[in-house]
Amino acid sequence: MIARTFGQFRTRLSGLSIRHILVAITAGLTLLIAALSVRDLMADGERLAQARALKDAMGVSDRLFDAANSIAVERDLVLSMLQARDSETRASLVRAISESRSASDRAVQTAFQVLGQPHLSPFRPLRAELMARYSQVRALRTQVDQSLAAPRPSDARLARDWEASTTALMDQVERLWAGFIRPYAGVDAVVTLHLRYRHMLRTIMDYTGRERSIIGQVISQDAGAAPEQTATLLRDQGELDLAWRMSRLLAEQSGLYGAIALEYSDAESHYQTLDGMVRDLFYVPGVHRGGYPITPDFWFELSSQASESLAMLRQVSQRATQRYLEGMIAQTEREIAVQSAIALAALLLCAASFWIMQARVIGPINRIIDALTRVTRGEPARFEGAGGRSDEIGRLASVLNAFQAGAERTRALAVERDLTARKLEREVEVAAAAEAKAQAQLERLALLQQISRAIGERQDLESIFGVVVGALERQLGADFACVMLREDETRLRVARTGAASARRAAAMGMTAGGHVAIDANGLSRCMQGRLVYEPDLAAIAFAFPQRLSGGGLKAMVAAPLQVESQVFGALIVARATTDAFSSGECEFLRQLSEHVALAAHQAQLNAALQQAYDDLRLTQEAVMQQERLKALGQMASGIAHDINNALSPIALYTESLLNTEPALSQAGRNKLEVVQRAIDDAARTIARMNEFYRKRDTQLSLSPVDLNTVAGQVLELTQARWRDMAHERGHVIEMRSELEPALPNVLGVESELREALTNLVFNAVDALGGSGTITLRTTSSANRVRIDVQDTGVGMDEATRQRCLEPFYTTKGERGTGLGLAMVYGSVQRHGGAIDIESAPGQGTTIGLSFPAAPDTETAPGAVSDMRPLARLRLLIVDDDPILLRSLREVLEADGHLVSSASSGEAGIAAFDAANAEGRIFDAVITDLGMPGVDGRRVAAAVKQNGHATPVILLTGWGERMKAEDDVPSGVDCVLSKPPKLKEVRAALAQCCAEAALSKAG
Amino acid sequence: MAGLGRSACALAALLLAVLLLAPAARAQENLRLVEQDIKAGLLYNFLRYTEWPHPPAPGDAVVVCVWGDDPFEGRLAPMAGRTVNQRRIEIRAVHAENQLNGCALLFINAGERANWPTLRQHLQGRSILTVSDYDGFAQAGGMLEFARVSNRIAVRINVAAAQSADLQVEDRLLRLASVVGARAP
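So the sequences go chain by chain: A and B.
So that you can map any letter, position 630 of the first sequence is 704 in my numbering, and since no number is skipped, the others follow by simple counting.
So that you can map any letter, position 68 of the second sequence is 76 in my numbering, and since no number is skipped, the others follow by simple counting.
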């Protein structure tokens, strides 16, 4: 219990600051000092009051003492006088009596006055009694005077009365004095001793008075002392002796003796002397034998003189007591003053010590604490608690300053160390972070490698993307992962979403095949090839982030899939928490996206390679086909050459006949015309055979073509397929032609158009696969002319429709080359036209060709036939075919030309040179191209060799091709195809030789 | 105690004397001795009520000199050692003038009355209270004289002589004495 209380006290005490404790101690000391001072001051005040009261009381008692003494002296004197027998004695006492009377009067009056004071009211009855007694004494005085005035004054009765009254008065005064002084008897030990001493003195005076009285009586009566008187004297003497010794003892005890020693010594000496004078006479019985050596008044005088010494002693001792009391009062007052001063000094000391402690200890300590606080905070501080003092605080401050200086150095070192440590720490942290990063990097690298390997093993995009998004969801902890591919400039198509995020993808409408618009913000930046990280999707106002946010996703990384700075898609990875991706993960995703892009690119390349391989295979097949065709073509061209050569005379003669034989019958002429047309068709057919293996020229010589006519021709040409061959198989193909009348011409090559149209019709026939309807329809609108070929066949699906124009694409298997529609497409494009295909499986196909309409101003080149040679020309004809050579010569000669012929190249050159040598220069040379030995090219070269401008017209079965391929040999001015038509030959001659003629004329 | 002792001794001596010796002769003798006692005691009163112009310094003794043989038969001896006016009393017997220095009171033995004029001359200018017990001393220029009047001791005083010696005699002393010669105003 006590221990606990003490513990609590200690706890509370430890919570107090020194200042508080100091305040508490100071306050406690102050209170203690104040309490002690008040207590002492109160005690001193009481003592002071008591001392003052005592002093007053002593004053009163002195007055009473004086009064009693005065009365005693008067009593004794009067008694002596009353007992004196001779007048001389009485006369000598008169003066003394009157003096003693006035003295006792004064003393009694003074006593009365003193007793009349208000605080002495308890003594009123005594005072009244005293007054009564005193008036009695005064009354007796008159009797005494009267008695003394008588001749024989001795009056024993009066003397007794007087003695009784005055003694009573004295007793009264004594009682008063005793009663008055008694309460003060115990107040102070010294004062008590004083009082006892005074009592002894009073006793001495009393005995002295009695002695004086008895001895005075004895002397007056001049008789020996009665035995009882002697006994009284002896007893009194003993008492007196004792009283003196007691008084001495008391005076010494009370310390009074020092003050009264001299007077005491005087008084005692005086008494002893008096005693020595009278002892033998009055104290020794039987000494006196009649006749005393001194008179009574002499005795009284001596006795009163001794009493006077005693009175002086009394006064001195009264004064000493007075001084003692005054000293006591002064002492008390001094003590009060000193105590007050001490208390004040103690309080001041308290305050001063508090102030000193505050100013010199607590203040500096607080400043030191402040400075220390600043120091601990690292601020600069100086300990100035001492201000150059050399006390403990000063030493503490200087030590602290030194310590602080040391601490500064230590701190500097510590800071340095700290810096080093921090640097190390940072390095360690960096190393740890690097390690962690490396670890994460490794993990991601592993993941990357895993993904890379997984996607490396795959070739198709779909499974690559599947692996990627799956791995991202599983191993990177993505809440959503998808791959989007760029569809066009504004859209992305979702290519693949992860399995785990399928529901989320469905909720967001981002399943595979869904579309996402490229926003202005994130995706567009991603599409520019940058990795986009959106740590907080909800904060982005664009559609795509909001879409993801709507799916509960908070952070997204969009990594571009790009190959060779071409972004073809994006990898989207998202998580359902904000700030979910670290920079490492972003980097990982960027790398992954690169890998994916590369893989995707590789896959695409692979696909392209496959495609290329396929194409190559097809091409190879086509090339093989073409080789076959080429062989066929070469064979055919040989055949065509021969046929052309065969046809040439037929054509030439037919034409010549028709032109030159007006006598022909109409029927013959008609037949010849059919022959001529057949020859033309045959020539064209042969010419067309070349198309299979030769490339088209790109520069066409366009002429107005009537598509209606072409359509009719095609129907005729294809009749065999759609009618004859169908009929053979039991099919019926209805061929309709819905031709718009007055159809505008188109600019083009009729044969190409015809061929294109023929191809379309063949395709239509193939598409029917049996019976059906084929419609040829021509229409025109604005500036366009259109021709449609419609069938009711199987139609094409979308894929086929898309690919049908590609070369080598065929649905016909071995039956088709896959070149038909491709050739059509090429022809149409060369004519500045367009092709559109409407088809659906089972719905048939309509292929429309539209061309710009030709301007009307164009006129058909029909004037050739009317052309006639302007002049007679010298011509050299070179050909290895004698039939052709002859027919051509004849035809040209028929036109009036001078024609030389040569049957070979060498012969031609020789003829030409010979003619040149003769100065008969040919106006033109017409030579066959293909000849054994020297061919047409060398002939032309030879003609032109010597700087001759003689035109050379080359006849060739390949004429069309040569023109197209710019294969016209040097020196050849004009190329004509076999079989040559007279019109054409004429036109060529007219063209070549007009210039020659002009130059000749000029 | 000493006083008591002395008193007891004296008392014993007296009782012995009363019992053993003839009463009458003894009485006369005793009376004479009592007279000497009284005279010796009176010297004390003279010292007490006389003022010297140059009182001895406190601590110095008041010297009572007796010129000639001691008439008090040793009764002055008790006075030595007592104090008067707060000064110790010293008793000295002198037989030559050069021994008078320091004397406050000079008692001249009655047997030396012949030498008194010489002595008086010698005392001229000195503040020494002169006392003697032969008749006519005061008249002869002495200051205080024990006399016998009606068979009782009386004191005569020559105030002028005292005043001439620059001594003041107080009233208390004058009450005991009858004045001889011109009295000072």
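Keep in mind that the hints were calculated from the coordinates and are not lab data.
Certain hints may be false.
According to the in silico footprint, chain B covers these stretches of chain A (three or more CB under 8 Å from chain B) [claimed, not checked]:
| hint | region |
| --- | --- |
| 1 | 329-339 |
| 2 | 343-353 |
| 3 | 371-384 |
Incomplete in silico selection of chain A near chain B, CB under 10 Å [claimed, not checked]:
| hint | residue |
| --- | --- |
| 4 | Arg169 |
| 5 | Ile368 |
| 6 | Ala420 |
| 7 | Cys424 |
Glycine residues also receive a C-beta, built at the ideal position from the N, C-alpha and C atoms.
Practice prompt. Check each numbered hint from earlier against the structure, then list the numbers of those it violates in ascending order.
Written response: Numbers 6 and 7, in rising order.
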